[in-house]
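Number of protein chains: 2
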Amino acid sequence: MPLSSLPAKLKLGFLGAGQLARMSSLQAFRFGIQVAVFSDRSENEPVQFMTPFSTSGSFESVDDMVEFAKGCDVITLENEFISSDILKEVQEKSGTPIYPSPDSFALIENKLIEKQTFEAAGIPVTPYKLVKNESELEDFGKTHGWPFMLKSSKGGYDGYGNVTVKNIEDAKQAFSKLGGNNGEDILAEAFVDFTKELAVQVARNETGTVVYPCCETVQEDHICVAVLSPAPVEKIIQEMAQELAFKATEAIDGKGIFAYEFFLTKEGSLILNESAPRPHNSGHYTIEGTVTSQFENHVRAVLGLPLGSTRLNKPAVAMINLLGTHKRPAEADQITEALETEHGHLHVYGKVDSKVGRKMAHYTLLGDDLEETYKKATHVTREIEI
Amino acid sequence: MPLSSLPAKLKLGFLGAGQLARMSSLQAFRFGIQVAVFSDRSENEPVQFMTPFSTSGSFESVDDMVEFAKGCDVITLENEFISSDILKEVQEKSGTPIYPSPDSFALIENKLIEKQTFEAAGIPVTPYKLVKNESELEDFGKTHGWPFMLKSSKGGYDGYGNVTVKNIEDAKQAFSKLGGNNGEDILAEAFVDFTKELAVQVARNETGTVVYPCCETVQEDHICVAVLSPAPVEKIIQEMAQELAFKATEAIDGKGIFAYEFFLTKEGSLILNESAPRPHNSGHYTIEGTVTSQFENHVRAVLGLPLGSTRLNKPAVAMINLLGTHKRPAEADQITEALETEHGHLHVYGKVDSKVGRKMAHYTLLGDDLEETYKKATHVTREIEI
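Heads up: the sequence lines are chains B and Y, in that order. For the first sequence, UniProt numbering begins at 1 and goes up steadily by one. For the second sequence, UniProt numbering begins at 1 and goes up steadily by one.
Some hints could be false.
A pair holds if it fits inside one copy or across any two, identical chains being indistinguishable in the list.
Think about it this way: if two alpha-carbon atoms lie no more than 27 Å apart in a straight line, the pair counts; the simulated BS3-like pairs of lysine-lysine are [what the hints assert, rightly or not]:
hint: 1; residue 1: 142; residue 2: 266
hint: 2; residue 1: 247; residue 2: 166
hint: 3; residue 1: 314; residue 2: 376
hint: 4; residue 1: 314; residue 2: 375
hint: 5; residue 1: 327; residue 2: 154
hint: 6; residue 1: 235; residue 2: 9
hint: 7; residue 1: 359; residue 2: 376
hint: 8; residue 1: 172; residue 2: 359
hint: 9; residue 1: 93; residue 2: 235
hint: 10; residue 1: 132; residue 2: 88
hint: 11; residue 1: 375; residue 2: 235
hint: 12; residue 1: 355; residue 2: 11
hint: 13; residue 1: 132; residue 2: 154
hint: 14; residue 1: 11; residue 2: 172
hint: 15; residue 1: 327; residue 2: 11
hint: 16; residue 1: 314; residue 2: 235
Just so you know, these hints were derived from the structure itself, not from any lab.
All chains should be modelled from the sequences, with the hints used to inform the complete structure.
So this is what it looks like as structure tokens:
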């Protein structure tokens, strides 16, 4: 049922306590909602510094999570680490609804089922095959060419669980490393010769669906370093991506916030690469960049509130991921230039320790021209050490 | 010293745990800063639901607050309930700096000293007199006319501590009620025949000063019901108000965020009515209405970070205070229309109990035309029960 009121002490529970739950929590607080958090680490998780209602336990223990869920009005996810079976059991035993629903999540947690689900909905996906042994690895290479990707069907995070293989020796080693010899389902995925990676976020619940602008995710070594919105591609491509993202969310009957990453091929077609049933790094720019952020629509969606406008606040938005530059106690240093820049917004995630390449913070700059805005955002953050 | 870095676990302590500290905390969290809160109530204060670092004690106990302050890197205020003498002692004994400084606060906590300070800086203030007895009350009425205001020099909050007196009988009664017979300093203040009430926020620290647009505060029965920005007055009046607010902040050597309320007289002159050394209800519209909110500049200012732009994000902003409509457990009801309105932003303060007239929430609408925006904001919030 759509919610038309916000009662005192309404409590939103997050399974996971990292920066995504943190940014959603900030929005929950704006609505006067209380936040409870369940983490598999006992301390120093970003959200644990933001609420008195913090629990730790195992993401594999139904009992731990049932206890937690009973104290909450609605549960939501910030990662894909908990299996849909466990989520379903937690929901049934606690009586507390979980959104996105375990049924939706079941359609995307396994990369094989995910691809089948989206293909069935008419959404182009990367050419793939479930590979069982050396000869199938070899066949895939012959058909689609080397290199290709091997992925654990159980998914991963930020490229973990994915391996690029250049030849059959590589492929055998990766197959084994990913657990292929121990019964894990391993997918081979053809390399797509793409010109850009695009992303679209979608919020959906019983009150409707809203689709964010199509943005570009700029990657270096498979890590997203920047996001540009709107994506510097033709309008028709943007709209195609938005349409596919809309269809994908329908296909899994999603309630919550979802993100979809696409390859734009040289021929100008779009292929769905990945999906995520949660706020996504590609949508951090929406905090200041759009009328309603992905985090606000996350909270609205899972509570059944009407969804907010996804319109851009300025013609151009650039978001720079500030990745750890040192292994040390976290410290955002040399931030003066970024803070002094008009329309620039710094977000630091409150992590206690920095590691090289770890997502520690981000910086969003709004402007009128995309290229200039990106250039300036890069420039004013270039000396930040974090 | 200006701060150029944000170290992990930097802790900002708030003396006071209401909605103002809450909204500043939300910004502190965005910078990865931890929030600790000291309240004179042991539970159910808005910020207490937002941090594991919550302490309660007395605002009159130096010891209670020293203990709290020792655990923080910087202390700031959300109210005017603690005397500057006590703040100074807390600062000295804990070694933790307090901003705005006790010295700045000493210049405005007492309404008599406040008026003298601002007069000395060339800022027009409401005609006033320290009244000591019945005959001085009578004299004031003769000189400035009835009715006039009696105010406890120790100040108040939302009109508490202020009494309008219509004749000498009223005046004697109020004088006694406010403690005039027990040695309290009581100020008589002439009624100013004003056409509008205006407000300006200023953030200032060692890196510079930024001044917000001049806004209008719309009052009903001495309670602010709406804020319109920019104020619908001539540009020259707006600039005069901004200039006076700038000068007032210089006069108290303020470090932090400050708000000033002015009367605009029929003759087009400005008179400073009140000042506040903290985020202020008149500046809530800045959360979405300006590039950098008063809460972000509050956090930046007290930490010594460079201050952010105060430019409006859209030509017109209207903020509606959502005051309690019932005495009941808090619940924001009938909010659908407000949430569905593009560029509308609902903020609920997380209070547990509602009382008629209590500040429970606010709603900000951005638009292109001030009158239309105000009309629409009023319209879409008209049925909210809270």
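How the hints compare with the structure:
When the C-alpha separation of residue 142 and residue 266 is checked against a cutoff of 27 Å, the pair qualifies only within one copy, where the shortest distance is 22 Å, while the shortest distance between copies is 86 Å. For the identical chains of this complex, residue 247 and residue 166 are neighbours neither inside a copy (34 Å) nor across copies (69 Å), given an alpha-carbon limit of 27 Å. With identical chains, the CA atoms of residue 314 and residue 376 are at most 27 Å apart both within one copy (15 Å) and between copies (23 Å). For the homomeric pair residue 314 and residue 375, the shortest alpha-carbon distances inside one copy (16 Å) and between copies (25 Å) are both at most 27 Å.
In the homo-oligomer, the alpha carbons of residue 327 and residue 154 never lie at most 27 Å apart, since the shortest distance is 29 Å inside one protomer and 52 Å across protomers. In this homomeric assembly, residue 235 and residue 9 never come within 27 Å of each other (Cα to Cα): the closest approach is 44 Å inside a single copy and 44 Å across copies. In this assembly of identical chains, the alpha carbons of residue 359 and residue 376 lie at most 27 Å apart only when taken from the same copy (21 Å versus 41 Å across copies). In this assembly of identical chains, residue 172 and residue 359 lie within 27 Å of each other by CA distance neither inside one copy nor across copies; the values are 31 Å within and 65 Å between.
For a Cα distance limit of 27 Å, the shortest separation of residue 93 from residue 235 qualifies neither inside one copy, at 47 Å, nor across copies, at 63 Å. Taking CA atoms no more than 27 Å apart as the test, residue 132 paired with residue 88 passes in neither setting, with 29 Å inside one copy and 73 Å between copies. For the identical chains of this complex, residue 375 and residue 235 are intra-copy neighbours only, at 22 Å inside a copy versus 35 Å across copies, given an alpha-carbon limit of 27 Å. In the homo-oligomer, the alpha carbons of residue 355 and residue 11 lie at most 27 Å apart only across protomers (22 Å), although the nearest pairing inside one protomer, at 33 Å, exceeds that limit.
Proximity of residue 132 and residue 154 under a CA criterion of 27 Å is satisfied intra-copy only: 15 Å inside one chain copy versus 80 Å between copies. Within a single copy, residue 11 and residue 172 get their C-alpha atoms no closer than 48 Å, and across copies no closer than 51 Å, so neither meets the 27 Å cut-off. In this assembly of identical chains, residue 327 and residue 11 lie within 27 Å of each other by CA distance solely across copies; the values are 22 Å between and 36 Å within a copy. For the identical chains of this complex, residue 314 and residue 235 are neighbours both inside a copy (17 Å) and across copies (26 Å), given an alpha-carbon limit of 27 Å.
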